[in-house]
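For the sequence shown, the numbering used here begins at 1 and goes up steadily by one.
Wrong hints could be hidden among the right ones.
[To be verified] With a straight-line cut-off of 30 Å between C-alpha atoms, the simulated DSS-like cross-links for lysine-lysine are:
1. K158 / K76
2. K158 / K112
3. K78 / K196
4. K176 / K219
5. K58 / K76
6. K289 / K118
7. K58 / K240
8. K219 / K58
9. K219 / K196
[Stated by the list, open to error] Computed spacing ranges between beta-carbons, pair by pair:
10. Q121 / S168: 25 to 31 Å
11. Q37 / G194: 17 to 23 Å
12. D139 / E299: 35 to 41 Å
Keep in mind that the hints were calculated from the coordinates and are not lab data. Model, not experiment: these values are computed from the prediction. By construction, the Cβ of each residue, glycine as well, lies at the ideal position given by its N, Cα and C atoms.
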Amino acid sequence: MLEDYCVRGNAVRWIITVLLLLCMTLVLSSPSLAEVQPLDLAMSVYGRPMQPDGWISKTEYRDESIHVVVEAAPRKPKSSAERTTCRWITIEISDASQLRTLFSDDSYESRKLERSNKMAQRVNAVVALNSDFAKYTYDFGYVIRQGVFYRDALDIQKAPRDVLVIDSEGDFTVVKSATGESMATYLLRLESQGRKAVNTFTFGPALVLDGEVQEIDRKGEHAPNMATQRVCICQLDHLKYAVVEIDGGNSVGMNMQELANYVAELFPGCKVAYNLDGGGSTHVLVNGKLIHNTANSREISDIIYFASAAVN
Numbered sequence: 001m002l003e004d005y006c007v008r009g010n011a012v013r014w015i016i017t018v019l020l021l022l023c024m025t026l027v028l029s030s031p032s033l034a035e036v037q038p039l040d041l042a043m044s045v046y047g048r049p050m051q052p053d054g055w056i057s058k059t060e061y062r063d064e065s066i067h068v069v070v071e072a073a074p075r076k077p078k079s080s081a082e083r084t085t086c087r088w089i090t091i092e093i094s095d096a097s098q099l100r101t102l103f104s105d106d107s108y109e110s111r112k113l114e115r116s117n118k119m120a121q122r123v124n125a126v127v128a129l130n131s132d133f134a135k136y137t138y139d140f141g142y143v144i145r146q147g148v149f150y151r152d153a154l155d156i157q158k159a160p161r162d163v164l165v166i167d168s169e170g171d172f173t174v175v176k177s178a179t180g181e182s183m184a185t186y187l188l189r190l191e192s193q194g195r196k197a198v199n200t201f202t203f204g205p206a207l208v209l210d211g212e213v214q215e216i217d218r219k220g221e222h223a224p225n226m227a228t229q230r231v232c233i234c235q236l237d238h239l240k241y242a243v244v245e246i247d248g249g250n251s252v253g254m255n256m257q258e259l260a261n262y263v264a265e266l267f268p269g270c271k272v273a274y275n276l277d278g279g280g281s282t283h284v285l286v287n288g289k290l291i292h293n294t295a296n297s298r299e300i301s302d303i304i305y306f307a308s309a310a311v312n
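Let the sequences and hints guide you as you build the complete structure.
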């Protein structure tokens, strides 16, 4: 019996050894999964091409570095002449370098504008949206893009604006009614934390801060009381974001307070929601294609985009 037991034991060990060798062979011969490598900060460096099998459906993309989901729903805002369509995109990324910006014609100095789809396709954007039209005028706003400082005109513009700062960790902060002095103070504090400003935007206003809906100044800029097409960018959590777009035009859409309330309804606890250039400048793209209709759509000067950082 002892001899039989030894034979059976040897057989079991042999089978286990063969199975382990087979598993190792399969692992070594299988295609390697994509790795995630952060993107260089330079604006001239674009996002990596999307994975061919990354599109789970027309409204969802996933690879090792990014997950995007597009959703939509009809709504009849009180200020709107009729029902409209509201769209929101949630985006999760692996590294802050995947949240990027681009100037039209790849240049701050060039006054040439571009179609948003051309810009989005050039940089391999999974999701892209219009920014704050930073090149519309050069005597307005505070402009840092991809870590490069371009302009501080906060103290010569007609009225103070909320400035959105996206830092090197991908976190959002809004400097309310920013001045040159308040921006300098904030940036010094940011540097003391081992961070730096990577992108800034001067449009606004802030819609939601730390989960609290902001009271929109009815006498403020950008037709706050008008029902029109709107777009905003939000930070929901660390490296988790959302883009909200409201179809509109010709007295259809949302006013700014309705947009703020709607964002808080969609994303309770939203850290920051910031209004961007709307109306005919509204451009939200997924896989290089607009996902909405824009009345009187125009060429634009800059985009914000989310890109893949996956490499095979």
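Run through the hints listed earlier and report the numbers of any the structure violates, in increasing order.
Violated hints (numbers, rising): 1, 3, 8, 9, 12; every other hint is consistent with the structure.
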